[in-house]
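Trainee: Whenever a hint applies, use it, and build me the whole structure from the sequences.
Under full-length UniProt numbering, think of the first position of the sequence shown as 1, with each following residue one higher.
Simulated from the structure, these hints should not be mistaken for laboratory data.
There is no bait here: all hints are sound.
Simulated DEER-style distance windows between Cβ atoms:
#, residue 1, residue 2, range
1, Ser2, Gly112, 29 to 37 Å
2, Asp21, Ala205, 20 to 28 Å
3, Asp37, Gln134, 35 to 43 Å
4, Glu39, Gln201, 36 to 44 Å
Only pairs whose alpha carbons sit at most 25 Å apart, straight line, appear in this in silico DSS-like list of lysine-lysine:
#, residue 1, residue 2
5, Lys28, Lys17
6, Lys28, Lys128
7, Lys69, Lys41
8, Lys69, Lys17
The structure displayed is predicted, hence computed values, not measured ones.
Ideal placement from N, C-alpha and C gives every residue a C-beta, glycine not left out.
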Amino acid sequence: MSNTVYVTDIAAATDDKEVTDFFSFCGKISNISIEADGEDKKKAAVTFEKDTAMKTALLLNNTQLGSSKISVTGSANLDEHTDATPADRQGDEITQEEKPRSRILAEYLAHGYVVGDAALEHAIELDKKHNVSQRFFATLQGLDSKYKATDRARATDETYGISTRGRGLLFGLNSYFEKAVGTPTGKKIAKFYEEGSKQAQDIHAEARRLADLKKDQAGGSAYRAAGLDKVFGAQKSTAATDSAGVPVGNAPLKEQPGVAPADAAPSDAPAAESKP
1 MSNTVYVTDI
11 AAATDDKEVT
21 DFFSFCGKIS
31 NISIEADGED
41 KKKAAVTFEK
51 DTAMKTALLL
61 NNTQLGSSKI
71 SVTGSANLDE
81 HTDATPADRQ
91 GDEITQEEKP
101 RSRILAEYLA
111 HGYVVGDAAL
121 EHAIELDKKH
131 NVSQRFFATL
141 QGLDSKYKAT
151 DRARATDETY
161 GISTRGRGLL
171 FGLNSYFEKA
181 VGTPTGKKIA
191 KFYEEGSKQA
201 QDIHAEARRL
211 ADLKKDQAGG
221 SAYRAAGLDK
231 VFGAQKSTAA
241 TDSAGVPVGN
251 APLKEQPGVA
261 PADAAPSDAP
271 AAESKP
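Mentor: Written out as structure tokens, the structure reads:
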């Protein structure tokens with residue numbers, strides 16, 4: 001099928017779900033088949049709904065997945081451009097296929113995957129060649145005007161230190177207005193899309209920003225107030241601790257040995273006086 005990529009050299013120990021999650025960053029998958037390829041390898045055929053997602057997946061050739069570098073091949077020509085137009089969207093939701101490829105690779109980096117600079121530079125080249133970043137930013141500006149997302153984000157930023165996510169971090173409408181365009185951080189974000197990333201270091205910087213936002217899921221009530229738990233589910237990381245090893249913040253966590261229970265007072269609350 002034309003929208004299919006073929007993946008080999010997947011380590012046998014790599015979970016099938018991890019393979020699916022890995023390629024889901026590229027766009028919506030319509031079908032995926034994974035099977036053994038010898039004693040210590042797997043292979044997969046991943047079919048996407050749109051060829052833009054398939055072409056993004058081709059950039060992941062020689063990328064680390066689990067314990068091995070995978071090979072990703074397909075019949076598409078990366079230099080041929082097809083774009084996900086606004087007519088392709090359901091409502092106002094921004095899909096992965098519409099994002100600049102440099103942004104998608106930044107998301108991979110933010111989630112801990114290792115992407116080589118050759119792939120990053122190729123993504124930048126393609127985004128520039130087809131003016132993807134500029135069109136994407138124009139779309140964001142239009143949605144911002146329609147929903148006044150930056151105004152809401154600015155108000156929330158002042159209240160919680162983290163912006164409102166109208167439809168979820170990274171994947172929804174307000175995900176592109178973290179910290180608000182009217183704030184210094186937001187201006188840098190806007191510049192990233194308006195001008196287009198100029199070098200691989202820009203993508204690494206964007207990835208660090210996304211990773212920092214992801215870490216906020218263990219940062220207390222702002223996480224729940226922003227609705228991020230509905231996007232990422234239960235928090236997987238342990239809460240930050242102070243010098244005494246006491247969890248900081250008041251985010252709910254599963255009870256673990258040596259960790260304060262979920263209903264314990266935050267570390268900045270006055271300590272209870274000990275009784276004789």
